[in-house]
Amino acid sequence: MAARLLDVRDLRVEFRTRDGIAEAVGGVSYAVDAGRTLAVLGESGSGKSVTAQAVMGILDSPPGRVTGGQVLFRGRDLLTMGAEERRRIRGAALAMIFQDALSALNPVLPVGAQLAEMYEVHRGMSRRDARRRAVELMDRVRIPAAGQRAGDYPHQFSGGMRQRIMIAMAMALEPDLIIADEPTTALDVTVQAQVMELLAELRREYAMGLVLITHDLGVVADVADTIAVMYAGRIVETAPVRDLYRRPAHPYTRGLLDSVPRVDDRGERLYAIKGAPPSPLALPSGCPFHPRCPRAQEVCRVERPPLYEVTADAGADGRTSACHFWKEELHA
Amino acid sequence: MPEPFDPRYDMTEAIAPAGGRGGGGGGGGGVGGGPMDLPASGPQPLKGGPRRGPWRLALPWRGEPGRRSGGPAAPTGRGLWTDAWHDLRRNPVFVASALIIVFLVLIAIWPQLIASGNPYHGDLARAQDGPAPGHPFGYDLQGRDVYTRTVYGARASITVGICATLGAALLGSVLGGLAGYFGGWWDTLLSRIADVFFGIPILLGGLVFLSVVTSGSVWPVVGFIVLLGWPQISRIARGSVVTVKEHDYVQAARVLGASSGRTLLRHIAPNAVAPVIVVATIALGTYISLEATLSFLGVGLKPPTVSWGIDISSAATQIRNAPHMLLWPAGALSITVLAFIMLGDAVRDALDPKLR
Amino acid sequence: MPELMPEPMPEHMPEHMPEPDEPVLEVRDLAKLYPLTQGVVFKRRIGAVRAVDTVSFALRRGETLGIVGESGCGKSTVAKLLVSLERPTAGTIHYRGEDITRLSGRALRAVRRNIQMVFQDPYTSLNPRMTVGDIIGEPFEIHPEAAPKGNRRRAVRDLLDVVGLNPEHINRYPHQFSGGQRQRIGIARGLALRPEIIVADEPVSALDVSVQAQVVNLMETLQDEFDLSYVFIAHDLSVVRHISDRVAVMYLGRFAETGTGREIYDHPTHPYTQALLSAVPDPDPEPRARPTRILLTGDVPSPANPPSGCRFRTRCWKAQERCATEVPVLAVPTGLAGPAAHASACHFAEERAEVRA
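Chains as they are written, first to last, in our numbering: chain A, 1 to 332; chain B, 333 to 688; chain C, 689 to 1045.
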């Protein structure tokens, strides 16, 4: 089998804090192929963003530190290669989109100039060509009157338009992989739909890999091929999107799905997962979810579940679940 | 502002006491504003009460949905002051400067502790002599012991520094705080007045003011420094209050019907004071050097008051034949000013982690 | 057994007890303009932001009115007006037959006891320098008549108990609690004075998914327990539907459509509501009977310079000449029947052709 586009293996990240070492990411593995979308789903503090930062090499360190694992990009480990080489790959083949576009753009430069700069620096284009390409790109992400707006500053754009510019920046060098960290969380529902649509379209068109990090089950359902659910710095379940929604194989996934009110029904009472996520400074023994789990048994307290291969009758392959009782959960 | 990591997070936090709760809660009691007693059985134990305490890392995870940034005094790990103290105790700069300052304050109060001589007693026969046994720093122009005078000089500097800082901080934070809270014309007026004071050149203002208001004491100097110093503090206090005022807990107090006084004292002041303290601490050092400058120019403190500025002034003319006369008071002044500025820096770092 | 208010409060007895179906809160033509000024010393008015424009509704006892809308639609301003944090430019808010927009001083404080608020951000809505006991006890200090001095501590413990927190934690500081727990503290503070109405401005949108459900459930339990009326403001359509009896959809300072949950969500007649609902990401990848997505073009216009006539016309695919000249009134459109017959501010109100299964 050819090397996958991005293959993260057993990645571990620690944070040194005043009160000890916090294991923010405790052995995360996921992979994404060209033209596919992997959604990493998790609540705040689940380690989903830290994983992405470690992959991109933009982890704040100190206090953060990658303590183990591999990040294979087209089969080559980003973590062991030299800083210069890594920067080159990051510039050309990897790109990232952040939640807060306003703080990710330079406030004192017109957006057209910021886009053109990418072409000037990385492609050695002349200023005029670069500027022309920048306007084309803005047009491509459907910014109305791109030619005129290229001279505007980031704060003159609305939230949705700014996020489009962020996407344009990420797309500029036609990367192989985009990591989008909560790209629509700060946007309104109607604008969110526009931006997600755009991202999906661009991914198809350029056959990029997309890692979509989000806490929103709804956003994920619409665009992802595969979902990796994270909890307390670990992946608890990976599955093709349909299978995961229809038949979750981990109690946490099921809890999340059940606790979201649906727009098309008014239930009497929401299911609520009891408690709150644990501190990475003091993870529970065994399965980190066991104190909140309705299915927890003695073995969950003692033994940390490995990522079991989930073999469903439906033939869903590549499914995994970190639950001792995944079979029971699957058939619940 | 990043979420802090909460270290004291308590793993054993229990849900609402389970068990013992009588049967169903039943319908609510008569609400309607009348006598409002809960039904005796109380509410049902709530399912899924939070079990675990908070935990968030002080890291830039961008995935925090819809989180707004806190102001300068947003809640941090264990409370601002505890956190700050925790940082400060481990900061060698703070420890060193604090030790120097404690020492300076002690000798300002009791110079006899380390200097047994009389700072006014001169022996003209020994004028400008170098160090001698029992007189390690030598003698000045009047044959007075430089060591004794340097020690006694601390009192003037420390008194002026502390009094001027207290005055400026008090005046500035009250005026600035009120301007920030109430806004409107008072705010506009105050800002313009502050601008006027900002525009006064310090030395020129000092020369004029202090040649009009003269007395043998430190108070005219203190008064002048307060007059020039308060606008800086009031700006900081105003900005800080404006930020804190927008916080939801202040709005919550208003919704409850809290008076302005209560809102200011209980909700705004405790959360807005940190930047004022930082600026005031740093200002203290500069005020001490300002006092010395004014005294050097002959308009600040006047003999017979013992002051480093005065001694530096009289030593300046003799720098060639008796450098020790200048060296010791100038050194003492530099160390003092430096100590306060370093202290202010350390306090700022501890109170405002954003600046790190 | 916990008892929230140990003492009856006869002096607080209202003169006028509403009938069960009579509205506790009646809002008429509420408007709020924020003047835009220029200049530092001499301020010159150069225009106004129409944050809220002729909003009317009634809130009945024990009922939840949900207000949904996107950012900048004015829903938070409505919340501030309801709890008297802001004074309206025009319109009235009648609480028990009394217009509270004209009250001040003691009379306003008395009304405040009955209309309380829960805030969005559990991280900034609690004073970090106060203990939980002081935060929840503050209402009693401001309204000493609400609880006798000796009983306050106990009342606070009872409140903690009621919202599902451990009463032993009364001396802790807010930062020692998680987001969901803090929101519970905020709710306890809002409950302390035993209000009739709680205005909740995005109370769960800052919380994690798994914790959101806990807080929503708590609010529902408390509503039954204390016979509360809620004005529940949120941008999350699903949460609003879950908790609300009636829903108002807001766009650029005005209500676009109001009705029961079923009317609004299953039979929307206003194009904006239809677009909004179709854009909600459905946490179910099954492409079953959901309407095709309507992708709105462009952004919400600035409230400082709103479009003439219908506010939504600049983004509306149905817009015609008439929409620019004539402001559509919020009323039941003629010609609609069944659940589609509910108030909708559109000249061309009708259900979408596609039928949901």
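None of these hints come from the bench; they were simulated from the model.
Please note that a few of the clues may not be correct.
Claimed, not checked - With a straight-line Cα cutoff of 25 Å, these simulated SDA-like cross-link-like pairs (lysine to any residue) come out:
| hint | chain 1 | residue 1 | chain 2 | residue 2 |
| --- | --- | --- | --- | --- |
| 1 | A | K274 | C | T909 |
| 2 | C | K837 | C | D787 |
| 3 | C | K837 | B | S549 |
| 4 | B | K634 | B | S549 |
Going down the list of hints, with the structure as the test:
1. A:K274 x C:T909: Satisfied, since the Cα-Cα distance of roughly 16 Å is no more than 25 Å.
2. C:K837 x C:D787: Given pair C:K837, C:D787 is violated - Cα atoms ~32 Å apart, limit 25 Å.
3. C:K837 x B:S549: The hint is violated at about 51 Å.
4. B:K634 x B:S549: Given pair B:K634, B:S549 holds - Cα atoms ~8 Å apart, limit 25 Å.
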